[in-house]
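Asks: When you get a sec, could you build the whole thing from the sequences and use the hints?
Counting from 26, one number per residue, gives the positions in the sequence shown under this note's numbering.
Don't take each hint at face value.
To be verified - Dumping the calculated SDA-like pairs for lysine to any residue here, alpha-carbon to alpha-carbon at most 25 Å:
#: 1; residue 1: Lys140; residue 2: Asp160
#: 2; residue 1: Lys200; residue 2: Pro214
#: 3; residue 1: Lys263; residue 2: Phe342
#: 4; residue 1: Lys122; residue 2: Val65
#: 5; residue 1: Lys245; residue 2: Lys140
#: 6; residue 1: Lys122; residue 2: Met26
#: 7; residue 1: Lys245; residue 2: Gln356
#: 8; residue 1: Lys245; residue 2: Ala345
What the hints assert, rightly or not - Restraint-style ranges between C-beta atoms, simulated for each label pair:
#: 9; residue 1: Trp79; residue 2: Arg366; range: 49 to 59 Å
#: 10; residue 1: Arg366; residue 2: Ala193; range: 13 to 23 Å
#: 11; residue 1: Tyr190; residue 2: Val242; range: 34 to 44 Å
#: 12; residue 1: Gly363; residue 2: Leu124; range: 29 to 39 Å
#: 13; residue 1: Phe276; residue 2: Asp225; range: 49 to 59 Å
#: 14; residue 1: His343; residue 2: Phe394; range: 43 to 53 Å
#: 15; residue 1: Gln268; residue 2: Lys200; range: 29 to 39 Å
#: 16; residue 1: Arg301; residue 2: Arg202; range: 34 to 44 Å
#: 17; residue 1: Gln344; residue 2: Pro82; range: 45 to 55 Å
Hints were generated in silico from the structure; no laboratory data involved.
Don't be surprised by glycine CBs; every beta carbon is placed ideally from N, CA and C.
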Amino acid sequence: MKIAFYAPFKPLGHGTPSGDLAIAQGIVEFLERRGHEISVQSRVRARWIYYRPWLWPGLIRDFLRSMRHLSVSPPDLWLTYHTYYKAPDILGPWVCKCLGIRYVIFQGIYSTKRKKKIKTLPGFFLNREALLRADQVITNKLEDFENLKRIVPHERLAHIPPGIYPEAFGRNRSKGRALRAQWQVSGVPVILTAAMFRDDVKSQGLAWLIRCCSILVAQKVPFLLVIAGSGPMEKKLKAIAEQCIPGHCRFVGKIPRQEMAGFYSAGDLFAFPGIRESLGMVFLEAQSCSLPVVAFDNGGIPEVVDNGTTGLLVPMFHQAAFARALTRLIQDPDLGPGMGRAGAAYIRQRHDLGRNYLLLETLLKRVAFNDLF
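Replies: Next up, the structure:
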């Protein structure tokens, strides 16, 4: 298939790594490996675009370019990744309407509460227009799937479980040992965590985790917290660590995604609160590398962590419960490794993108070649 592609929330090639960007790149890479031709139609980031008129000329330019190119060489369909009220897809619906191209959305989001506030009202209607015009809407979140049922006919709606490529995230014991030696780990259990140090829920989650670990220090539970990531909040996070868990924390900087498997291989468990986390790619990656997970029971995390089997999910901001979960995994010699093995199997059974995206390909072919309902 020839596929026109656009990611309005975070376009391909964006400089800031995130789970959202990883999913978009993963979709494109999968489709290209399957022999499909992908043409990126725009790199304009549409976040709050209706309040940022300086972005409009770029979008108009890309609209005219898409109209010109796609009218000469029409694609089999247009695929948009992630449209919602903050970053609605304005480009795709209009190009597809003008040229008669089939229009597909992967990860559409619908929330009626956004029409109740003046600030988000324009985004609500722009996003609603995109969803109504789509020939197929696909989501990887069950919560979004339920919300989308209110506006998208069931025959045009599908759910595909989120995932990763497990072959890229397997436990490498030699790399793990090398990193532990580099970190000067002296036999204590290693708690891993990773996030961008942005001034948002990511850094808030890291700060909360660090403070939570002070309970382990007070209870004389041995551990080393190793934090991967970088960003503007680094200095503040280091200060919190020095104050709350001195001698029990190491910051190792930003690690390229292709090297994260080695990082996970050096740990005994993975912990990150995941405040209002939509999915959390790190939880999938850590489990794939045989690490048990500790996180909040909120957002999309229960969709990617099998509570009680591959990890322990606790109520949001319940410090005592979170600390108990960490302590259980540290002190029980069988629980952590058992959950780790279960996690690796779970990812390969349910969250293998190589398998899950075959359904995506089937749905796209059905739309492209008029095999609609």
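Asks: Going through the numbered hints above, which ones does this structure break? Give me the numbers in ascending order.
Replies: 5, 12, 13
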